[in-house]
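Assemble the complex: chain A is given as a structure, and chains B and C must be docked to it using the hints.
Chains as they are written, first to last, in my numbering: chain A, 4 to 161; chain B, 277 to 391; chain C, 1389 to 1909.
Incorrect hints may appear among the rest.
Said to hold, decoys possible - The list that follows gives simulated cross-link-like pairs (lysine-lysine, BS3-like), each with its CA atoms no further than 25 Å apart:
(1) C:1418 / A:68
(2) C:1773 / C:1848
(3) C:1848 / B:390
(4) B:376 / C:1773
(5) A:68 / A:12
Claimed, not checked - Reference excerpt, derived from the structure (chain C facing chain A, CB under 7 Å, subset only):
(6) 1402
(7) 1405
(8) 1454
(9) 1455
(10) 1852
Calculated directly from the structure, the hints in this document are not laboratory data.
For every residue, glycine included, the Cβ atom is placed at its ideal position computed from N, Cα and C.
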Amino acid sequence: MKEMSRIVKTVTNFVYGFIIIFGFYIIAHGHLTPGGGFQGGAVVGSAFALLLVSYGSLNSTKFLKKDIFSLFESFGLILFIVLGFSGLGITFFYNFLANSGGWFGNAAVIGVNPGDMNTGGVIPLMNIAVGLEVLSAFGVIVLTMASGAEFTKKKEKS
Amino acid sequence: MIGNLPYVAVVIFIGLGIYTLMFKKNLIKIAIGVVLIENGVNLFLITLGYRKGAIAPIYTQAPSGQAMVLPTPQALTLTSIVIGIATTALILSVAMMIYKHYGTLDTDEVRRLKG
Amino acid sequence: MNLSNHIPILIIAIPLLAAFLVPLIGRINKEATGILATLALSVSLILTIALAVKILTVGPQVYVFGATSPSLTLPSGLKFPVRIMFQIDAMGIFMGLITAVVSFVGAIYSLMFMKQNSGLDKYYSLLLLLTVGVFGMEFTGDIFNFFVFLEIASIASVALISFRGIDLGEPAEAGFKYMVVSSISALVVLFAIGIFYGQYDLLNFAALASVIKYSQLDKIALGLLIPVLAMKAGAVPMHMWTPDAYSEAPAPITMMLVAASQASLYALFRVVFSLYNISLNALTVGWIIIIFGLLSMFIGVTMAIIQKDIKRLMAYHAVSQTGYMFLGVGVGLAVLANPEALKDYGITAMEGGIFHIMNHAMYKGLLFLTAGALFFRSGTRDLNKMGGLAHYMKYTTIFFIIGAAAIAGLPPFNGFASKLLIYESVYKFNPLLSIVAMVVSILTLASFVKVFHSAFLGPKLPQFKEVKEVPRSMVFAMAVLSCIIIFFGLFPDLIVKNLVHPAVMSLIEQLQYTGTVLGGM
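If we strip away everything but chain A, and leave its shape as in the complex, we get (with noise of 0.2 Å):
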């Protein structure tokens, strides 16, 4: 894939960082407005296609490492299946820090309200850590496509 023009590398360059900070914004929030963990990741997600298309394949292998990502979705997934295990003391899943003081642990209100971060208990721990799975994902899924589509150009010129 060649890289594009210069208005367009210029213009990534300002932008990408707002898209990842965006999407960081949609996953910590999940448990107040709509979003949470697959939505933000999506978002981050795409901010490394953005990435990816502007610079050319050959170009963006030096900061977008399959390695790192294939890491970090790991992580994220032994993350998500430690916190369901946590709660095994009464049943899987079970939500251990609501309503409890700790983190998270504010009580939750019902009806309208004004939106309090700090509650939700195990939610938005969760929301991390599969919105970190999803964007370490699209990078692979969007790497391995792009690498895919240079070794099929290599033989077609051949």
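Just chains B and C now, with coordinates in the frame of chain A:
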């Protein structure tokens, strides 16, 4: 106000998806057919939850005293969209593997397993 | 913390944790991935046997996710369950035992069979995910959760079928066909779930079973669900994906694909018996299932006789044997509304059909493993090129003879027991069906005699001079299945009385299914 229009759209989506799946010969077009059917079914699930004159089911800073649409179909549709992404990524990867091996995406020429 | 309450979820959570740990461990040491997978699946097998003993003595078990106690289905006075739950009765644990044995044997066989391939950490991770998907399909009590596990199993099995597609073109083509077929079937299942939700606002199997009325929309949902679940199980005329997918996958994966198809068959029986039960028109729906069975039996075996590829031949036989299961349970369904016919031959027909599910998984798994062993040593799957391999591979020959005798229905093996139950009871329903079943059995024996003659008998061929016996882990895997086949064949009464009859009764009695969740309402 909306009436039965979303259900008509669902039927059109699924019909077009089945047409594409049955009659097109390019592997990528077959993948697009699968995605069309999946979009039709997702639209069907979301439309089931609609109640007339209701707002989105979010309690944070919501206007008080209003009815809300059902939130469960929204959770079901979200799960279905995630599964759809995994399916699409896998179908396209397998199509890329076939192209890498045979050099063409036409099903008539790729087909080796018969009988 | 009483760990025995949490066994239902540990059976699924331990392979899931291992599936997520395998890529990390694969970075450090390649060999350890297979060992971790085998350990996780062996723990699963032990827990499944423990759960089976508990269910057959105490009663059906329920596990509610995220509640304050594992069996609290109706929290604080609600009239219907709100949380996702697992509901395991005798039929569910019957299928769970099949899956546990098959996946454990598959993992042991893969230790040596896949040793030369690269990317093994992804292979074991996908194998564990496929096991999790099939277990989830069999244990769940929530209809949308069933859809999610069905898709997990489909996606994992597509990736495994195309595993050898990096160098060859045919596995990728088989994987594409299978992905399109399973996507369509899963989306139609989701459409039917949408129809149920829109009418009754419930997603739990037991809660739906207690409020369902056989309205026009319910008939549409039933008409959508039966062909699509039969398509995933490989019934004719929707069987076209079966020969391609089963022949191009690696041998241990084919064994697990058979288990996955049977999980769809279990879902079909669960929908027809526990969800609808007597409210549907039992005679019509029963005859539809019987017609699926007849077509599958006959077309499967006639297409199998002419094949040259050994795994494609066995895949067509898998289609044909699935027809027996459809036939047995279809006869049971057709007489469901008629109590004395049910007691006379209906229950026996269902026992034959359901016992055949377990027997088929065992002997078809053994046959696919022997075909894999032949491919591993001789490098080909074409019957015209093989010959005289019995001189070099003695253990494989013995296991193949056991498997072929079991599938043809010869007496001291388990195929005879379940086929005899089906012949006797179907004869009382309609003699013609029983005669077709017996003719199909004779044709099955004929085609396996042909395979045995081409592959094993004959003089020693020069191109196979260096062929030795297969490695010990593969022989161990095949030996485990052979022992189960011989044990079931020698003591069928024990198995039918303790495992199969409770499974059949838990399918027929809908009130027991709903009473476990709704508390006797």
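Do the hints match the structure? See the list:
Between residue 1418 of chain C and residue 68 of chain A, the direct Cα distance comes to roughly 22 Å. Compliance with the 25 Å bound is thereby established for this hinted pair. As the CA atoms of residue 1773 of chain C and residue 1848 of chain C are separated by approximately 12 Å, the hinted pair is consistent with the 25 Å bound. With a CA separation close to 31 Å, the supplied pair residue 1848 of chain C and residue 390 of chain B exceeds the 25 Å bound. The straight-line distance between the Cα atoms of residue 376 of chain B and residue 1773 of chain C is roughly 29 Å, outside the 25 Å bound, and the hint therefore fails.
Note on residue 68 of chain A and residue 12 of chain A: the hinted pairing holds, with a Cα-Cα distance of about 19 Å set against a maximum of 25 Å. Because the closest C-beta pair between residue 1402 of chain C and chain A is about 10 Å apart, greater than 7 Å, the hint is violated. This hint holds: residue 1405 of chain C has a C-beta 5 Å from the nearest C-beta of chain A, less than the 7 Å allowed. The beta carbon of residue 1454 of chain C comes within 5 Å of a beta carbon in chain A, closer than 7 Å, and the hint placing it at the interface holds.
For residue 1455 of chain C, the interface hint holds, the least distance from its beta-carbon to any beta-carbon of chain A being 6 Å, beneath 7 Å. Violation of the interface hint for residue 1852 of chain C is found here, the shortest Cβ-Cβ separation to chain A being roughly 36 Å, above the 7 Å cut-off.
When held up to the earlier numbered hints, the structure conflicts with 3, 4, 6 and 10 and fits the remainder.
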